[in-house]
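K.L.:
I would like the entire structure built from these sequences, with the hints used as guidance.
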Amino acid sequence: MSPVALSSIAVTMTAFVVVYVLVFGSGIGILVRLLGHAPDHNEHDASPDHASDIMATRMHPGLIDASSDNKGH
Numbered sequence: 020m021s022p023v024a025l026s027s028i029a030v031t032m033t034a035f036v037v038v039y040v041l042v043f044g045s046g047i048g049i050l051v052r053l054l055g056h057a058p059d060h061n062e063h064d065a066s067p068d069h070a071s072d073i074m075a076t077r078m079h080p081g082l083i084d085a086s087s088d089n090k091g092h
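Just so we're on the same page, the working numbering is the position in the sequence shown counted from 1, plus 19.
Everything labelled a hint here was simulated from the structure, so no lab data went into it.
Where is the CB? At the ideal position from N, CA and C, for every residue including glycine.
Check each hint, because a few of them may be wrong.
Label-pair restraints from in silico Cβ distances [what the hints assert, rightly or not]:
(1) G44 with S21: 29 to 35 angstroms
(2) G48 with V23: 30 to 36 angstroms
(3) V30 with L53: 32 to 38 angstroms
(4) L25 with A57: 49 to 55 angstroms
(5) A57 with A24: 49 to 55 angstroms
(6) A34 with G55: 30 to 36 angstroms
(7) D59 with S27: 48 to 54 angstroms
(8) V23 with F43: 22 to 28 angstroms
P.N.:
Given below as structure tokens:
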């Protein structure tokens, strides 16, 4: 015999399943919503002026200082 009551195990497992379904279902819902619509027209357009900065950041993330961003361009 287990020292833990069957009712305690049943309540714990039920709570686990309910929370799991809520969290997993919410994640799937968010993914479906995000993947369900086409991107906006200019959503992924990058300025050609900053293409070299983008590539440098991807290749060498430690070399680019984020505080020296040229926001005037």
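K.L.:
Compare the structure with each hint and give your call.
P.N.:
Here is how each hint holds up against the structure:
Range check, G44 to S21: about 31 angstroms between beta-carbon atoms, so the 29 to 35 angstroms window is met. About 35 angstroms separates the C-beta atoms of G48 and V23, a value consistent with the hinted range of 30 to 36 angstroms. In this structure, V30 and L53 meet the distance hint of 32 to 38 angstroms, their C-beta atoms being roughly 35 angstroms apart. With their beta carbons about 52 angstroms apart, L25 and A57 fall inside the hinted range of 49 to 55 angstroms.
At about 54 angstroms, the beta-carbon gap between A57 and A24 stays in the expected band of 49 to 55 angstroms. Between A34 and G55 the C-beta distance comes to about 31 angstroms, which sits within the given range of 30 to 36 angstroms. For D59 paired with S27, a C-beta distance near 51 angstroms keeps the hint of 48 to 54 angstroms intact. The given range of 22 to 28 angstroms is respected by V23 and F43, whose C-beta atoms sit roughly 26 angstroms from each other.
Hint check: no violations occur; every hint is consistent with the structure.
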